[in-house]
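Work the whole structure out from these sequences, hints included.
Taken in order, these protein sequences are the chains called A and B.
So the first sequence is numbered by numbering that gives the first Met the number 0: it starts at 0 and just counts up by one.
So the second sequence is numbered by numbering that gives the first Met the number 0: it starts at 0 and just counts up by one.
Please keep in mind that the hints were generated in silico from the structure rather than gathered at the bench.
Where a beta carbon is used, it is the ideal one built from N, C-alpha and C, also for glycine.
Any given hint could be a false lead.
To be verified - Label pairs and their calculated CB-CB ranges:
(1) A:115 / B:71: 38 to 48 Å
(2) B:129 / A:40: 50 to 60 Å
(3) A:309 / B:92: 34 to 44 Å
(4) B:296 / A:39: 47 to 57 Å
(5) B:22 / A:61: 26 to 36 Å
(6) A:116 / B:207: 51 to 61 Å
2 protein chains.
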Amino acid sequence: MKIVCSKSQLDMAINHVQKAVSVRSTLSLLDSILFVAKDNEVHLTGYDLETGIEVRFEADVIQEGEILLNAKMIAEIVKKLPDETISISSDSQFTTIISSGNSQFNVKGLDASDYPQLPEIDANEKLTIPQSMFKEMISQTIFAVSTDESRPAFNGALLNSNSNVVELVAIDGFRLAVRVEELDYDIPDVKILIPGKALKNIQSILGDNGDLELYTTQNHIKVNVGEVTLISRLIQQDFMDYHKILPNTYSTRIEINTKDFYHAVERADLILPNQDRRYPMSLKFTGSQIMNVTATTNVGNMEDGVELNYFDGDELEIDFNQRYFLDALKVINDENVTVEFNGPVGPCIIQPVEGNYFTYLILPLRR
Amino acid sequence: MKIVCSKSQLDMAINHVQKAVSVRSTLSLLDSILFVAKDNEVHLTGYDLETGIEVRFEADVIQEGEILLNAKMIAEIVKKLPDETISISSDSQFTTIISSGNSQFNVKGLDASDYPQLPEIDANEKLTIPQSMFKEMISQTIFAVSTDESRPAFNGALLNSNSNVVELVAIDGFRLAVRVEELDYDIPDVKILIPGKALKNIQSILGDNGDLELYTTQNHIKVNVGEVTLISRLIQQDFMDYHKILPNTYSTRIEINTKDFYHAVERADLILPNQDRRYPMSLKFTGSQIMNVTATTNVGNMEDGVELNYFDGDELEIDFNQRYFLDALKVINDENVTVEFNGPVGPCIIQPVEGNYFTYLILPLRR
Chain A
0 MKIVCSKSQL DMAINHVQKA VSVRSTLSLL DSILFVAKDN EVHLTGYDLE
50 TGIEVRFEAD VIQEGEILLN AKMIAEIVKK LPDETISISS DSQFTTIISS
100 GNSQFNVKGL DASDYPQLPE IDANEKLTIP QSMFKEMISQ TIFAVSTDES
150 RPAFNGALLN SNSNVVELVA IDGFRLAVRV EELDYDIPDV KILIPGKALK
200 NIQSILGDNG DLELYTTQNH IKVNVGEVTL ISRLIQQDFM DYHKILPNTY
250 STRIEINTKD FYHAVERADL ILPNQDRRYP MSLKFTGSQI MNVTATTNVG
300 NMEDGVELNY FDGDELEIDF NQRYFLDALK VINDENVTVE FNGPVGPCII
350 QPVEGNYFTY LILPLRR
Chain B
0 MKIVCSKSQL DMAINHVQKA VSVRSTLSLL DSILFVAKDN EVHLTGYDLE
50 TGIEVRFEAD VIQEGEILLN AKMIAEIVKK LPDETISISS DSQFTTIISS
100 GNSQFNVKGL DASDYPQLPE IDANEKLTIP QSMFKEMISQ TIFAVSTDES
150 RPAFNGALLN SNSNVVELVA IDGFRLAVRV EELDYDIPDV KILIPGKALK
200 NIQSILGDNG DLELYTTQNH IKVNVGEVTL ISRLIQQDFM DYHKILPNTY
250 STRIEINTKD FYHAVERADL ILPNQDRRYP MSLKFTGSQI MNVTATTNVG
300 NMEDGVELNY FDGDELEIDF NQRYFLDALK VINDENVTVE FNGPVGPCII
350 QPVEGNYFTY LILPLRR
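Right, dumping it as structure tokens:
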């Protein structure tokens with residue numbers, strides 16, 4: 000293989016595919032980036048056997064071919080090369096010369112023919128979705144994807160589309176995040192479970208303009224964003240019928256400024272040991288226009304009062320894991336939210352005041 | 000103690016004194032910040048028994064007194080409090096209430112009377128030096144301060160003043176950095192060895208405008224910068240007579256662009272394992288206007304050619320630890336440097352082309 004290409008394009012392509020490169024693989028193949036030069040294009044691929052990212056760009060292909068180069072090494076070399084033009088050439092012994100200006104690196108590549116092939120995607124369905132919209136949908140649900148591998152159905156988010164409505168849903172057993180969007184055109188019906196890691200990779204390749212194209216098969220998803228293609232395995236598990244657990248009543252209902260609420264929870268978080276159910280954050284509603292937030296631990300205690308815009312229903316004292324509130328309140332861009340409680344042991348629902356495109360359910364901690 | 004003060008002033012003061020707070024002390028006292036309220040001023044102190052930092056600011060002192068508060072905790076609480084005004088009050092049981100707006104923290108402090116006293120500085124000498132100048136002097140020498148505790152004389156930098164000349168010198172056994180400045184006024188003669196950690200703390204409290212006042216005794220240094228006072232123990236060791244090891248001849252002399260040289264060394268550094276003397280960076284001068292930089296390791300090899308502005312003397316091949324060049328070239332702000340070599344085993348001297356306020360010596364590696 001011998002190519003001459005632009006440093007900035009190569010750097011950008013490496014940055015993208017590197018996200019799918021295994022960081023600590025036992026296979027040194029998977030620490031590498033696959034370079035394929037053909038038809039005056041270079042294709043770069045990173046693949047950890049679950050998610051693959053491929054980027055293609057135009058280059059001066061002097062000799063077609065392919066080589067595997069250690070991802071971390073090639074990324075660092077490219078960043079530090081002096082000129083905007085880079086030449087890469089490898090011989091039949093996989094010795095690879097990377098040069099630019101007066102600088103020349105001579106490193107050992109690996110045989111590309113040993114690299115695992117990305118699955119062929121013979122797609123059933125194609126969804127076209129604005130990138131910025133899907134990026135926000137991911138950011139407002141991904142935190143509720145569980146990393147507990149003993150329950151694989153919770154390790155991804157459900158992508159559910161039906162006529163012009165697209166929905167992303169994540170559940171981890173203690174909370175549920177649902178993000179809905181309406182498009183002004185119809186898309187195919189799809190119901191797939193995308194792994195959390197793939198969602199994070201998709202998020203990282205999305206920009207603020209233009210659409211993404213999403214293709215699905217029974218087992219895989221393929222996402223096209225400009226010159227970048229991402230392929231991922233899907234999770235083959237049944238997803239909980241979450242509509243059943245969303246209550247449609249409430250016993251206490253408040254409306255509150257999102258940032259004020261967030262900052263009070265942040266202050267409670269300062270003295271609460273993370274994930275220790277013995278030390279919850281307590282919310283107390285006495286019927287007045289103030290929500291009392293308290294936290295008491297061996298460190299000390301913290302008391303706060305946040306003004307409510309609106310209060311309706313029963314007085315209440317209820318305990319939560321404060322982190323579950325932080326995760327959601329951090330990504331809600333609306334100025335105010337409504338929070339509906341169903342007694343001290345029933346689920347709590349957070350929604351923006353305007354519209355119902357985002358619904359977040361948290362189970363309280365039992366005293 | 001009971002005080003009411005401004006959040007921004009308290010936050011700034013905590014940030015300064017926190018640098019002298021022990022991060023992992025066995026004494027929980029030293030993890031704390033001392034608060035002393037007196038005469039409508041609050042004094043905050045952090046002290047790790049070697050370096051102490053004190054900051055004072057005006058506050059509304061409702062009840063004089065003192066308390067020790069865990070540094071990390073109070074720093075986080077202050078950052079997250081809602082209003083610009085903060086009230087702190089502690090009772091005789093060291094229970095401390097920190098409140099702002101509707102938020103209130105109730106934490107346990109410690110008895111301030113157990114806190115170690117900062118040494119009294121009855122200074123012999125006072126030096127007044129522009130802050131920005133001393134900051135640059137530190138940044139251009141501190142990297143050559145050794146952290147190898149088996150040789151205490153190398154764990155600090157020598158501050159040497161004589162009439163209107165002030166000098167900071169660091170040696171670690173393999174290299175030497177000397178930074179000299181001339182003032183337009185006389186300062187006392189001083190010769191003290193400031194610990195590297197104290198130098199770093201001094202650097203962190205220095206701004207770009209105004210002077211610092213530096214007081215010395217036999218055992219201590221005191222630095223005043225506005226409302227901030229730093230006290231540190233000095234190293235009681237003889238410092239090497241470094242003038243003796245600075246050669247005043249050369250066999251090869253070059254002038255080179257500082258950034259071009261730095262970037263070539265950075266590229267060599269990419270494939271060189273840090274601190275492994277078996278894999279040096281090699282410089283080669285063949286009498287042409289090009290300096291060849293090469294590095295060969297088990298990873299591969301790297302070759303570079305940097306244009307010289309000027310070459311004089313013998314042809315030469317010489318090996319170095321590339322990190323020693325990176326450290327110095329990074330902090331030299333001059334466009335071009337001269338480098339003088341004394342054969343493949345003699346010391347090498349780097350200086351800016353204009354002036355001799357900075358001199359850096361590196362010993363080569365023996366092949």
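Hints versus structure:
Between residue 115 (chain A) and residue 71 (chain B) the beta carbon distance is about 47 Å. The supplied range of 38 to 48 Å therefore holds. Against the hinted window of 50 to 60 Å, the Cβ-Cβ separation of residue 129 (chain B) and residue 40 (chain A) comes to about 58 Å, which satisfies the hint. In this structure the supplied range 34 to 44 Å holds for residue 309 (chain A) paired with residue 92 (chain B), their Cβ-Cβ distance being about 41 Å. Distance hint check: the CB atoms of residue 296 (chain B) and residue 39 (chain A) are about 34 Å apart, inconsistent with the given range 47 to 57 Å.
Taking the beta carbon of each, residue 22 (chain B) and residue 61 (chain A) are about 55 Å apart, not inside 26 to 36 Å as hinted. Evaluation of the 51 to 61 Å hint for residue 116 (chain A) and residue 207 (chain B) yields a pass: the beta carbon distance comes to about 58 Å.
In this structure, the earlier hints numbered 4, 5 are contradicted, and the remaining ones agree with it.
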